[in-house]
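Sequence lines, in order, name chains A and B. Residues 1 to 115 in our numbering are what the first sequence spells out, letter by letter. Residues 1001 to 1114 in our numbering are what the second sequence spells out, letter by letter.
In case anyone wonders, no lab produced these hints; they're calculated from the structure. Quick caveat: nothing in here was measured; it's all calculated off a predicted structure. You may find that some hints are simply not true.
Stated by the list, open to error - List of simulated lysine-lysine pairs, DSBU-like, C-alpha gap at most 35 Å: (1) K11(A) <-> K57(A); (2) K1042(B) <-> K1071(B); (3) K1068(B) <-> K1058(B); (4) K57(A) <-> K14(A); (5) K57(A) <-> K71(A); (6) K57(A) <-> K1057(B); (7) K1042(B) <-> K57(A); (8) K1068(B) <-> K1042(B); (9) K1057(B) <-> K1022(B); (10) K14(A) <-> K71(A); (11) K1042(B) <-> K1058(B); (12) K1022(B) <-> K14(A); (13) K1071(B) <-> K1057(B); (14) K1071(B) <-> K1058(B); (15) K57(A) <-> K1071(B); (16) K11(A) <-> K1042(B); (17) K71(A) <-> K1022(B); (18) K71(A) <-> K1071(B); (19) K1042(B) <-> K1057(B); (20) K11(A) <-> K1068(B).
Unchecked claim - Pair ranges (Cβ atoms, derived): (21) W97(A) <-> V1020(B): 29 to 35 Å; (22) K1058(B) <-> T2(A): 25 to 31 Å; (23) G1001(B) <-> T76(A): 24 to 30 Å.
Claimed, not checked - Just a few of them, taken from the derived set where beta-carbon distance is under 7 Å, the chain A residues facing chain B: (24) D24; (25) Q41; (26) G42; (27) P43; (28) F65; (29) F74; (30) G102; (31) E108.
Where is the CB? At the ideal position from N, CA and C, for every residue including glycine.
Spelled out, the chains give:
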Amino acid sequence: DTGVSQDPRHKITKRGQNVTFRCDPISEHNRLYWYRQTLGQGPEFLTYFQNEAQLEKSRLLSDRFSAERPKGSFSTLEIQRTEQGDSAMYLCASSLWNTNTGELFFGEGSRLTVL
Amino acid sequence: GENVEQHPSTLSVQEGDSAVIKCTYSDSASNYFPWYKQELGKRPQLIIDIRSNVGEKKDQRIAVTLNKTAKHFSLHITETQPEDSAVYFCAASLTSGGSYIPTFGRGTSLIVHP
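The following block holds chain B by itself, in its conformation from the complex:
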């Protein structure tokens, strides 16, 4: 089955700095890569996703890049703000044949210091 590794486990930045979180996956058939944000005590929520036919996707201050050859994808947050502090999870999945089971990484705790 799919295995997703996520690094770093903790990331501390100053407000205004950029943050980068990296994930690798094992199943070359995976074609869908979502990122979820989980604030303390809250439910995980999708913040951005990318499909394997695209190399990069942006949404305001966040962007995700995908390297299919190397089987890794990254989340980039620019101009970080204290409200970006949360745990971020990457996931990978195959979305064909009717089966769709996201496999999640272990999470990155992002701390943005004012």
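Pulled out of the complex, with its shape left as it was, chain A reads as follows:
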């Protein structure tokens, strides 16, 4: 499967712990997005990269959240001092900018449960 892959698929942690998620985009895609999805809601934008540059972060994104894409390939999303409200599905998506389509290719997500 050459699609977007995310790891881990499920993470259960205790409040106050740090967690890190990894996303491997489709190899030729230059843009990478992180979204958060809670039950009954649509994906909510967190941040996105073009190559290794982080172009924008949501104003709603707490400073406990940090994302990197060090070599313009895979990306990591770290949540420090997790809170119960961080429980959600974290979706990664990639796209090839400078095409006629704005299609995002999503991974299957990393589900976080904070106890």
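Model the placement of chain B on the given structure of chain A, informed by the hints.
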């Protein structure tokens, strides 16, 4: 920023009926409107999209219409089948100036009864 409202939240139809899902957006500068389908436990996948220079687009049993003046767009599915059962998300975005951040609606859970 952009705000997208989507209705209904749940839609139940009989197989063979048509289904319509409606979305409104707030930013008149938005020019790209994709629709994603998310089956239970699966990733969202693009099923159709429309740009602001077009009023309607069709792809087999699905179609999308756009009314720029009213700032609303709709997804139409004809001859529904059980495999159409899923959550459908609309989104809106501006695709110029290099920035492209789709804002999604809350989703519509479509249930097609055999």
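Run through the hints listed earlier and report the numbers of any the structure violates, in increasing order. 12, 17, 18, 20, 24, 28, 29
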